[in-house]
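Guided by the hints, dock chain D onto chain L, whose structure is given.
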Amino acid sequence: MQPGKGHLMIQFDAVHKRFPNGTTAVHDLSLEMPEGGVTVLVGSSGCGKTTTLRMINRMVDPTSGTIRVGGRDVLDQDAADLRRSIGYVIQQSGLFPHRTVLDNIATVPLLLGHGRRRARARAAELLETVGLTAESGKRYPHQLSGGQQQRVGVARALAADPPVLLMDEPFGAVDPVVRTQLQDELLRLQKELSKTIVFVTHDIDEAVRLGDQIAIFRTGGHLVQCATPSELLARPADDFVADFLGAERGLKLLSLTPLKGIPQAPAPEGGTWELALDAARRPLHWRTKSTGEPELPVRPLRDTDSLLAALNESIASPTGLVARVDADGALTGVTSRDEIHRHAGQAHAEARVAS
Amino acid sequence: MTIDWSWIGDHTDDLTTLTVSHLQAALSAVFFGLLISLPLAVVAHRIRPLRGVLLGLSNILFTIPSIAVFVLLLPVSGLTRTTTVVGLTIYTLVVLLRNTVEGLDSVPAKTKEAAKAMGTRPLRALLTVELPLALPVIMAGVRIATVMSISLVSVATYIGDGGLGQLFTDGFQRNFPTPVIVGVVLTLLLALIADAALVTVQYVLTPWTRRRA
Numbered sequence: 012m013q014p015g016k017g018h019l020m021i022q023f024d025a026v027h028k029r030f031p032n033g034t035t036a037v038h039d040l041s042l043e044m045p046e047g048g049v050t051v052l053v054g055s056s057g058c059g060k061t062t063t064l065r066m067i068n069r070m071v072d073p074t075s076g077t078i079r080v081g082g083r084d085v086l087d088q089d090a091a092d093l094r095r096s097i098g099y100v101i102q103q104s105g106l107f108p109h110r111t112v113l114d115n116i117a118t119v120p121l122l123l124g125h126g127r128r129r130a131r132a133r134a135a136e137l138l139e140t141v142g143l144t145a146e147s148g149k150r151y152p153h154q155l156s157g158g159q160q161q162r163v164g165v166a167r168a169l170a171a172d173p174p175v176l177l178m179d180e181p182f183g184a185v186d187p188v189v190r191t192q193l194q195d196e197l198l199r200l201q202k203e204l205s206k207t208i209v210f211v212t213h214d215i216d217e218a219v220r221l222g223d224q225i226a227i228f229r230t231g232g233h234l235v236q237c238a239t240p241s242e243l244l245a246r247p248a249d250d251f252v253a254d255f256l257g258a259e260r261g262l263k264l265l266s267l268t269p270l271k272g273i274p275q276a277p278a279p280e281g282g283t284w285e286l287a288l289d290a291a292r293r294p295l296h297w298r299t300k301s302t303g304e305p306e307l308p309v310r311p312l313r314d315t316d317s318l319l320a321a322l323n324e325s326i327a328s329p330t331g332l333v334a335r336v337d338a339d340g341a342l343t344g345v346t347s348r349d350e351i352h353r354h355a356g357q358a359h360a361e362a363r364v365a366s
Numbered sequence: 005m006t007i008d009w010s011w012i013g014d015h016t017d018d019l020t021t022l023t024v025s026h027l028q029a030a031l032s033a034v035f036f037g038l039l040i041s042l043p044l045a046v047v048a049h050r051i052r053p054l055r056g057v058l059l060g061l062s063n064i065l066f067t068i069p070s071i072a073v074f075v076l077l078l079p080v081s082g083l084t085r086t087t088t089v090v091g092l093t094i095y096t097l098v099v100l101l102r103n104t105v106e107g108l109d110s111v112p113a114k115t116k117e118a119a120k121a122m123g124t125r126p127l128r129a130l131l132t133v134e135l136p137l138a139l140p141v142i143m144a145g146v147r148i149a150t151v152m153s154i155s156l157v158s159v160a161t162y163i164g165d166g167g168l169g170q171l172f173t174d175g176f177q178r179n180f181p182t183p184v185i186v187g188v189v190l191t192l193l194l195a196l197i198a199d200a201a202l203v204t205v206q207y208v209l210t211p212w213t214r215r216r217a
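Which chain is which? The protein sequence lines are L and D, in order. So the first sequence is numbered by this note's numbering: it starts at 12 and just counts up by one. So the second sequence is numbered by this note's numbering: it starts at 5 and just counts up by one.
Hints listed in this document are in silico derivations from the structure and should not be mistaken for laboratory results. Note that the Cβ used here is the ideal one computed from N, Cα and C, for glycine as well. Mixed in with the good hints, there may be bad ones.
[As the list claims (entries may be wrong)] Ranges of calculated distance between the beta carbons of each label pair, as one might list FRET restraints: (1) D/80 to L/126: 45 to 53 angstroms; (2) D/189 to L/129: 52 to 60 angstroms; (3) L/248 to D/140: 51 to 59 angstroms; (4) L/25 to D/66: 55 to 63 angstroms; (5) L/129 to D/76: 56 to 64 angstroms; (6) L/183 to D/189: 55 to 63 angstroms; (7) D/47 to L/90: 45 to 53 angstroms; (8) L/89 to D/57: 55 to 63 angstroms.
[Claimed, not checked] Sample of chain L residues facing chain D (criterion: CB under 8 angstroms; computed from the structure): (9) 68; (10) 103; (11) 151.
[Unchecked claim] Mimicking DSS-like on lysine-lysine, the simulated pairs with C-alpha atoms at most 30 angstroms apart in a straight line are: (12) D/120 to L/149; (13) D/116 to L/149; (14) D/120 to L/202; (15) L/149 to D/114; (16) L/202 to L/149.
Extracted from the complex, chain D is given alone in its bound form:
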């Protein structure tokens, strides 16, 4: 399997466009996944009986094959970016919801008790005490969800989207390995860079976890 380096040189513009589009799809999915998971996790954390129901539901959604999800969405949103993002978002829920619930569970009871006893109202306690302390566990979920979404975007090639995934179909159809290899390498790089960026974000957001006594 040889790489046709000139092909890469001729297609830098296309590759850039596909990479950006790939990243956009993945990040949008994580963004919307968080938007949905946060309130649901708070509900699951506070109301015990709903916890099993919500986590179970996110598990079931996760087991639907990805192509089936896109097919099911076609009548609703068609061959669009929306379909891609909605499909990917569904998959992020399982990690994001579980990690956010576990993050909230990990906040020490004493600390919550102290916040209440100081006269902190529930919403403020959630925003200024519980979520910040849950952040390390939530961020672990965000990292998994991001890497997972980046690898999953390619599946949307089936509905004419799929970012770097288009390079795979292109390569297979023409029996020309270069685009496939380039697509794999770029996807990997994207995942590594996104993960490193998230580690940095977490480092900046949680100063109390870095200074040891």
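Next up, chain L with everything else stripped away, as it sits in the complex:
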């Protein structure tokens, strides 16, 4: 299901949660989360995804069933000790307003009795890891932007180097541009750290972007489907999942397929349009060969960019050609709209058959 180390880090076995007011938050949930993978829990509000997350560190205890983290039943462990061993990133950061950023990050190491000096040194390290300046450590949370506060929230969760990270709609309160940045950073961090991450969101695009596996919940706490993003997009289990994924799920699937491996041809010499390059052979814009006017923008794509980006660029490009570049941004060739379409169709067919 997920490359990782193959171990199961978190296991839900027939878990029910009923609240005292009679509502069932989670219904007969069995779910496995592999070590080193990102499991995203999605669904509309009231579907039990947050309750599911909170049962992992005993912020909520299940009514019945067992939850194991690293093979041990969470109910057999002291709740506070368990929580210190699991990173938790909360909605809207939940930072302590009366502590400096550095001391916020040092929270769990201090609780573990690591001593102030050592805890602060570790916190300073983490500031850098999450892309904040050393100077911001001396500030108070309200002096930072929403995006920066969210980074501090992630740093605080990582401070004691826990194997498991729980993230409850961590990027819900920031604007879309910052959200994309934070998602990118999380993916970069995860590449380095290989934590077992459980991530709650109601944003399916965020789920597709971040998840190694996605668990879709329906109102009443029912798990409907748990699969890799590409399997989910290609083969939704039922209409509910299909609706949730949205009308553009075919395009979302293309967003998961990289351009690498799709053939490219040399840039054309003959036609009306030519690609202007700078000295380092980096594409600047499209222009007409006769007059050099008008100049139309070009967005060159690397092998790691997605088929969706290529499709978009092929529509925008005056020639229907997509400029392909290497890691340094130098032109390697072009790919035609037809070629991209053909591979897009193929990607779909493969996804339906595979996984």
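Showing chain D alone in chain L's frame:
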């Protein structure tokens, strides 16, 4: 009404003694008031049904006339400083208890949730997260309680204590205004200085409230 300045010069030692004694009575009352209010406020904050009971009780105590309180205490502690302090403490409770409960209520749920989720045990969360964040509201109560106690100490003159209040009885009995005026001025000064000191204490204790983005 003229002031006999020479009287002031002749009585500086007495005035100092009375001022110190006045301040001691007021501050002791606030100190013991806090000692009683803090645990009660935590109980009232955590156990909702007890909240109305405790706050209501402190209101009722507040409505007892101060002289009646001293009279009621006489059989227990007599004409002593203890009677003064106990009486004043009873009056501080109404502000201190209410403000401490409201201070604890004002701590954002998200912050408490975060403390718990990080693995902070309840007592530690109370001491290191909830009380510090409640401090501005608690301190507002401490300031009111302090100023109120300083003005109220004089009532204990009735039981032979009362700090600067003794100057009032002295002045009235002899139909000599100077001690009365001096007593009023010193009480006012004491209240102003105590309040300024508390503002400073709060400033020092809550660095996060002063730096703006």
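Here's how the hints hold up against the structure:
The beta-carbon spacing between residue 80 of chain D and residue 126 of chain L, approximately 50 angstroms, falls within the hinted interval of 45 to 53 angstroms. Look at residue 189 of chain D against residue 129 of chain L: about 56 angstroms separates their beta carbons, and that is inside 52 to 60 angstroms. Restraint check, residue 248 of chain L to residue 140 of chain D: a C-beta distance of roughly 53 angstroms satisfies the suggested window 51 to 59 angstroms. Distance hint for residue 25 of chain L and residue 66 of chain D: a CB-CB separation of about 57 angstroms, consistent with the stated range 55 to 63 angstroms.
Take residue 129 of chain L and residue 76 of chain D: their Cβ atoms lie about 57 angstroms apart, and the range 56 to 64 angstroms holds. Separated by about 59 angstroms at the C-beta atoms, residue 183 of chain L and residue 189 of chain D satisfy the suggested range of 55 to 63 angstroms. Roughly 23 angstroms separates the CB atoms of residue 47 of chain D and residue 90 of chain L, a value that falls outside the hinted 45 to 53 angstroms. Here the CB-CB span from residue 89 of chain L to residue 57 of chain D is close to 34 angstroms, at odds with the stated 55 to 63 angstroms.
With its C-beta approaching chain D no nearer than about 6 angstroms, residue 68 of chain L sits inside the 8 angstroms limit, and its interface hint holds. This hint holds: residue 103 of chain L has a C-beta 6 angstroms from the nearest C-beta of chain D, less than the 8 angstroms allowed. The beta carbon of residue 151 of chain L is positioned within 8 angstroms of a beta carbon in chain D (closest approach about 5 angstroms), and the interface hint is therefore held. Distance check on the hinted pair: residue 120 of chain D and residue 149 of chain L sit about 24 angstroms apart at the alpha-carbon level, within 30 angstroms; holds.
A C-alpha spacing of about 22 angstroms is found between residue 116 of chain D and residue 149 of chain L, which places the hinted pair at or below 30 angstroms, so the restraint holds. Straight-line distance between C-alpha atoms of residue 120 of chain D and residue 202 of chain L comes to about 29 angstroms, which keeps the hinted pair within the 30 angstroms bound. For the suggested pair residue 149 of chain L and residue 114 of chain D, the alpha carbons sit about 22 angstroms apart, so the restraint of at most 30 angstroms is met. A hinted pair counts as satisfied when its Cα atoms are at most 30 angstroms apart, and residue 202 of chain L with residue 149 of chain L qualifies at roughly 29 angstroms.
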